[in-house]
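> Residue-level listing of the chains:
Protein chains: 2
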Amino acid sequence: MHSAADLRLMQTWALTVDKPLTHASRWHPRTEIVSRNAAGLATRSNYATVERRARQLSAALLAAGVVQGDRIATLAMNGAEHVEAWFGIAAIGSICHTLNPRLFDEQLRFIINHAGDRIVIADAAFVPILERLLPSCPTVERIVLIGAEAPPPIAGKPAVGYEAFIDGQPVDVAWGDFDENLPAGLCYTSGTTGNPKGVLYSHRSQMLHTLFANIGENLGLTARDAVLMVVPMFHANAWGVPFATAMSGTKLVLPGPKLDGESVYGLLEGEAITISCAVPTVWQLLLDYLTSKHLKLTTLKKVLIGGSACPEALLRAFDELGVHVLHAWGMTETSPIGTGAVESAAVARLPKKERIAQQLKQGRVSLSVDMKITDDEGRTLPHDGRQPGHVKVKGPCVIARYFRAEQDAVDAEGYFDSGDIGTIDEYGYLQITDRAKDLIKSGGEWISSVEIENIAAGHPKALIAAVIAVPDPKWRERPLLVVKLRPGESATAAEFLGFLEGKIARWWMPDGVVFVEEMPLGATGKLDKKRLRVLFPAVPAP
Amino acid sequence: MHSAADLRLMQTWALTVDKPLTHASRWHPRTEIVSRNAAGLATRSNYATVERRARQLSAALLAAGVVQGDRIATLAMNGAEHVEAWFGIAAIGSICHTLNPRLFDEQLRFIINHAGDRIVIADAAFVPILERLLPSCPTVERIVLIGAEAPPPIAGKPAVGYEAFIDGQPVDVAWGDFDENLPAGLCYTSGTTGNPKGVLYSHRSQMLHTLFANIGENLGLTARDAVLMVVPMFHANAWGVPFATAMSGTKLVLPGPKLDGESVYGLLEGEAITISCAVPTVWQLLLDYLTSKHLKLTTLKKVLIGGSACPEALLRAFDELGVHVLHAWGMTETSPIGTGAVESAAVARLPKKERIAQQLKQGRVSLSVDMKITDDEGRTLPHDGRQPGHVKVKGPCVIARYFRAEQDAVDAEGYFDSGDIGTIDEYGYLQITDRAKDLIKSGGEWISSVEIENIAAGHPKALIAAVIAVPDPKWRERPLLVVKLRPGESATAAEFLGFLEGKIARWWMPDGVVFVEEMPLGATGKLDKKRLRVLFPAVPAP
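As they're listed, the protein sequences go chains G and B. Going left to right, the first sequence walks through residues 17 to 558 as this note's numbering numbers them. Going left to right, the second sequence walks through residues 17 to 558 as this note's numbering numbers them.
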């Protein structure tokens, strides 16, 4: 008999995120990384160049005294330098902490201090934000500015241009060669309740996420593809795309801030994009533009849609254009891919209408995620497509504990509660019906605020609809519908209640409707229901 | 500052091979596993059933006293029970050792004793082999026979039917939950020189191989696909297919021993196969059948071809049928996928003729393999598509040391020498030109025996052609062409030399041609050049 240690006879190869870029540089050196800036001008780089410059950035960080485990922040839009930063920071064991420039100042300040960032690599356009934040961010020692030549200090802290920072640095810096469980990235979630919480990705979790993101049923990238990455690198790990494209030697196109229909169309056709990923809003703008100009798409094959539910009209419009929609669900805490509405053989045999209904759900898990739905007491619910429950997930790319938290974020069986409410049907498809904190608990049953909102938003006069719970002495909670009308419109409560009639259960019918001039939104554009509940603590008198 | 240990905040999830089957059973329970037997009859199982029975097999093995690290052999054709055995054995930490029934008795006897197998799970059809082997295999304690009810002892050792062995066993046996670096599988290579050598796959290497095999540019399976797995489960890890299909919830069809064109065609159409994998011979039989019957393929999209070089005519025939050929290279020591001729964007822009030339090469590496070619002194050669060198590979699914070997099988930089000779071109495509041991070293330069063989085999009178080295006082070695003619044909040496003229360099021209009645072949059907060299130690007098 041999001991277990004697039997490790396959090669050692740590799952560290430097490997995809080294591979791309060696085997796909001239494959392009194209960055379009705010003015619409494109800069063309390639994997060989990006790898060389990322190595120079690593060397510059080491020369600045950065050690394993240090947090290095980025505050930048999508661009080749941001890609270099992701790899250059993590490849030496320091942690790439992506900051979301759309957050409120107090959130960003909390996040930088909580993370203890030592260096911030930022777009020059974000200097005004840094001027406001940095006076109260003592851990930040210096700023490296992308797109600036010889910047003055910011809030008294030394600043240097990105090119000057990496210029002349050696390229033979050692990458990887450490424990794959060391952290590689840090991304904070910005819930509307409480302080932001940090998710600390390990090299292993990032690499496994990349592999799972790249299997045939998910992104399935090849070296013939070209990806337009609309999803920002500061949000939810950019869906893992920068790692996946490097792994597959896939052309990567970064669109810059211009996301109107004409700009996105120009990139899709001009760069021969085959796969893209973005939130529904961006696609709606594109489709409106295509319709108005009677245009077709000649190279696009697949779009990954996530971030919020995909409207049926959007899916059908893409279907007519010959573009496959992969509707996905996930969150920062799941790296982020959780499920995707990838057809199984059984679903493929259904009539078209039912297939589309399945495709509009959030979809199935891959091997990397195990999922269950439970009631409030933690009892597992059946996969009948009817009973909604708390969506809980488990897997190598799912968080166990938030950064600097004292307690684990998982239950006794190791599942993380996503905070979402959903059903799972007989085909294994998840459908999200609500956020747990937005559920309305009425007479011991749940009412989905999201479902009522989606229907109410379909009223021709509605611009945005929100449904919140108001306290009720008899039922505990009852729904209240809050509507922002389209410009110039006026409406009555009865009009909206009549519109809902027959479309929802009678006991789901809101107890009132209020019209607002402004709908309160959070930093990332989502409805701020916490604020709405403060504004409307009860059903207003008619 | 936090220590590294504090920062392991993503969930723990060991890469163990039980997970794909558990996933398939939970999320794709009714997806089929179809096994056709020697009589052509199909048995239909599914992932839920296979998982349940695999768990019962695990329980039966534990009840029989099997512990972690024990070697449990299989001697079986492709079938649902063999799939159950792969998972049931490895999921409890014992090692699934696949025996190749086509090997010579002395090789099998050596392998069983070297591995120290405790139990053999075998097809009843292989009882005659076991009767011959087991009298000299002292470590084997018992035999479990698939397809037998109450078998008598074999060579004095107790035998039990597979169904009786698992019947009544519990299904709640614990799977996985151990170190992912523990071994999961064992497969011996049967070189024509020396004793067979064992490759011991770890759970981690098997799982990473599965993930890499399943990325978009390789198998890229989805739950809508159906795979016809022709490659046997006892050879080269079955290209990792049983793990990949389970991971993706893909229908798996096992063809049994009948691999004639009509049988394979019937399965492809009858089971709506989308992807298949086999050696070129099987495909040639299918294409001949399709041509003779004027048939088309309606569901097949992709074939993975490996094991030996893919002839151009085969590739073009599939191309006309609308089936994509993925030409791949690998070996038992690489788990086995090493390279695949997957088009990059640069190759896709070439004219059709050049694209096909690239597709006929062995192809590019994925992230899981790093590759170099070196001269005899170990110096790395350029990627110019001209200079052949020793093909050396590195990665998480590549062997470091053979089972029970005293020394590592890698060089100082950690590369494993594949024993193949090849070029790498500017697109990163490997082309295998020879086996190192078959190279002819003439006047300080290499002559590729394979290249001359391939051309000579194209002579209309040739059935099989072999080129071997014979000693030469001036040039050290010179090529000798050995030909087995088609039945009823006769030919002269001059005819063959004339056929080669203009197709190879003048100094590559064989010094002689000999015609043989029988070509010596090894157990797996490959040319036995060792035997040829004994038969022809010099160029025979004309």
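Derived from the structure by calculation, the hints contain no laboratory data. Possibly wrong hints are sitting among the right ones.
Copies of the same chain look alike in the list, so a pair counts if it fits in one copy or across any two.
Here are the simulated DSSO-like pairs of lysine-lysine, each with C-alpha atoms no more than 27 Å apart in a straight line [said to hold, decoys possible]:
(1) K368 with K317
(2) K369 with K317
(3) K318 with K368
(4) K457 with K369
(5) K317 with K388
(6) K312 with K546
These numbers come from a predicted model, not from an experiment.
> Work down the list of hints and note, for each, if the structure agrees.
Against the structure, the hints:
Both within a single protomer and between protomers do K368 and K317 lie at most 27 Å apart by alpha-carbon distance, with minima of 19 Å and 22 Å respectively. For a Cα distance limit of 27 Å, the shortest separation of K369 from K317 qualifies both inside one copy, at 21 Å, and across copies, at 26 Å. In this assembly of identical chains, the alpha carbons of K318 and K368 lie at most 27 Å apart whether taken from the same copy (19 Å) or from different copies (25 Å). Taking identical chains as interchangeable, the C-alpha atoms of K457 and K369 are never at most 27 Å apart, the minima being 32 Å within one chain and 67 Å between chains.
Proximity of K317 to K388 under the C-alpha cut-off of 27 Å is found in neither arrangement, the shortest distances being 32 Å within a copy and 35 Å between copies. Neither within a single protomer nor between protomers do K312 and K546 lie at most 27 Å apart by alpha-carbon distance, with minima of 42 Å and 62 Å respectively.
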